[in-house]
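J.: Respectively, the protein sequence lines represent chains V and P.
Counting along the first sequence from 1, when you hit position 27 you're at 29 in our numbering, and nothing is skipped either side.
Counting along the second sequence from 1, when you hit position 76 you're at 1411 in our numbering, and nothing is skipped either side.
These aren't lab readings, by the way, just hints derived from the structure by calculation.
Here the structure is a predicted model, which means the values were calculated and not measured.
For every residue, glycine included, the Cβ atom is placed at its ideal position computed from N, Cα and C.
Treat the hints with care, as some may be off.
[To be verified] Pairwise CB distance ranges (calculated): (1) V:L84 with P:R1402: 40 to 50 angstroms; (2) P:S1393 with V:S31: 22 to 32 angstroms; (3) P:S1414 with V:S69: 41 to 51 angstroms.
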Amino acid sequence: SQTIHQWPATLVQPVGSPLSLECTVEGTSNPNLYWYRQAAGRGLQLLFYSVGIGQISSEVPQNLSASRPQDRQFILSSKKLLLSDSGFYLCAWTLWRSEAFFGQGTRLTVV
Amino acid sequence: GNSVTQMEGPVTLSEEAFLTINCTYTATGYPSLFWYVQYPGEGLQLLLKATKADDKGSNKGFEATYRKETTSFHLEKGSVQVSDSAVYFCALIKAAGNKLTFGGGTRVLVKP
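Whole structure, please, built from the sequences with the hints as guidance.
T.: Right, here's the structure in full:
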């Protein structure tokens, strides 16, 4: 069966520090991959999505970036975190027209 | 572009009350429609889905019908429980696209 792993679960980072969040999917090939951010009490903001290795679409200009070095690996990065980057980050995958499956999320607090 | 609009919360109900959360969408063609639920501190879980007009998705007592003529996918449950307290998201994915679009979420609080 398919599973999605996202880590770490929680992270506290100082302003100006780098960020790397990783997401991997098991049990499927060539998934569409997504990074969402959820601010406290708010909806989901799509940050990046990818339809294949090295193919990244950015939805919101900001100091975050994403990479897909392998078919089932999706990484969210930042060179210098801002206070406004705090939030709940969710990774998800889908196949064509199918429902999305989500990781358990990473709660990032920038201090 | 595609968009999903759902009623703002919070929605506060008593146990055993009837729940309706409205969801309407804008998209060309025939998207697939979904409802997700998010419990506190967790990721999203698929609640139900519908892939074509007039389909009814159902799960755990929740139902939603894909209405092409009104571009709607309203979520209903006849008798809610305290354990149904969560945030509910309506979403769509287009037939020819890859972007999953979510509504803003509706927080539901069920009181005993």
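J.: For each hint, tell me whether it holds in the structure or not.
T.: Outcome of the hint check:
The hinted window of 40 to 50 angstroms between L84 (chain V) and R1402 (chain P) holds, with their beta carbons roughly 42 angstroms apart. At roughly 30 angstroms, the beta-carbon separation of S1393 (chain P) and S31 (chain V) lies within the given 22 to 32 angstroms, and the hint holds. About 47 angstroms separates the C-beta atoms of S1414 (chain P) and S69 (chain V), a value consistent with the hinted range of 41 to 51 angstroms.
Checked against the numbered hints given earlier, this structure breaks none of them.
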